[in-house]
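Visitor: Chains A and B are the protein sequences, given in the same order. Per the numbering used here, residue 751 is the first one in the first sequence, and the count goes up by one each step. Per the numbering used here, residue 221 is the first one in the second sequence, and the count goes up by one each step.
Among the hints, a few may not be true.
[Claimed, not checked] Now the in silico label distances, taken between C-beta atoms and shown as ranges:
{"id": "1", "chain 1": "A", "residue 1": "829", "chain 2": "B", "residue 2": "238", "range": "35 to 41 Å"}
{"id": "2", "chain 1": "A", "residue 1": "822", "chain 2": "B", "residue 2": "321", "range": "23 to 29 Å"}
{"id": "3", "chain 1": "A", "residue 1": "829", "chain 2": "B", "residue 2": "233", "range": "43 to 49 Å"}
[Claimed, not checked] Which chain B residues stay away from chain A? Per the calculated CB distances, all over 12 Å, these:
{"id": "4", "residue": "238"}
{"id": "5", "residue": "240"}
{"id": "6", "residue": "283"}
{"id": "7", "residue": "285"}
{"id": "8", "residue": "304"}
[Claimed, not checked] Here are the simulated lysine to any residue pairs, SDA-like style, with alpha carbons at most 20 Å apart:
{"id": "9", "chain 1": "A", "residue 1": "799", "chain 2": "B", "residue 2": "317"}
{"id": "10", "chain 1": "B", "residue 1": "277", "chain 2": "A", "residue 2": "848"}
{"id": "11", "chain 1": "A", "residue 1": "808", "chain 2": "B", "residue 2": "319"}
{"id": "12", "chain 1": "A", "residue 1": "799", "chain 2": "B", "residue 2": "242"}
{"id": "13", "chain 1": "A", "residue 1": "808", "chain 2": "B", "residue 2": "324"}
{"id": "14", "chain 1": "A", "residue 1": "799", "chain 2": "A", "residue 2": "813"}
{"id": "15", "chain 1": "B", "residue 1": "277", "chain 2": "A", "residue 2": "846"}
{"id": "16", "chain 1": "B", "residue 1": "277", "chain 2": "B", "residue 2": "242"}
{"id": "17", "chain 1": "A", "residue 1": "799", "chain 2": "B", "residue 2": "319"}
{"id": "18", "chain 1": "B", "residue 1": "233", "chain 2": "A", "residue 2": "791"}
Don't read these hints as lab results, they were simulated from the structure. On a predicted model such as this, the values are computed, not experimentally measured, just so you know. Beta carbons: idealized from backbone N, C-alpha and C, even for Gly.
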Amino acid sequence: AQSVTQLGSHVSVSEGALVLLRCNYSSSVPPYLFWYVQYPNQGLQLLLKYTSAATLVKGINGFEAEFKKSETSFHLTKPSAHMSDAAEYFCAVSDVGFQKLVFGTGTRLLVSP
Amino acid sequence: KAGVTQTPRYLIKTRGQQVTLSCSPISGHRSVSWYQQTPGQGLQFLFEYFSETQRNKGNFPGRFSGRQFSNSRSEMNVSTLELGDSALYLCASSLVGLEADGYTFGSGTRLTVV
């Protein structure tokens, strides 16, 4: 079965610093991979998705992620953190047959001035 | 273009009662999926409806049910509420399904069972 592991339940960075949120997946078939962001008391907003086209995927708000099959990873990065990036981030993989998303446990990003 | 609308935003119910949550997808979207989000279990898939038919179902007890209407609006119902049903319930819509166009999520309904 498909699964996702997000390393680090909390990540703290300073404003202007690099953001790196880690995601490793397990999939028996070429996966579709997603990153979502959730602000307090809100739903999930899609940041970016990988659907087997380009391995480097650019998303909204300056975020990007690189699909590395050899490492089964799909880490999310942003060159310079902004205070407004403070939120919870979820990595997700589609299951076989694209019936549903399987989510990781989330990483809370804290940004300090 | 209006997004996915979930009503109500907040709900407090008593153990043993039943509850109905509503989701209006983006206009033209025919697929509606429901997810439960809790601190302990994270985000878990409940079910998906497409053209008024349940197409996929997650691993939840029969107390959780749903339906979809001809205008693609969907409702989910939870009967005989338990304390553990307290969660944020998220609805997601897509044109035809996850593979083709991905999801757009609503803001959720936060259900508290007391």
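Visitor: Can you list which hints this structure breaks, lowest number first?
Guide: Hints 1 and 12 are the ones this structure does not satisfy, whereas the remaining hints hold.
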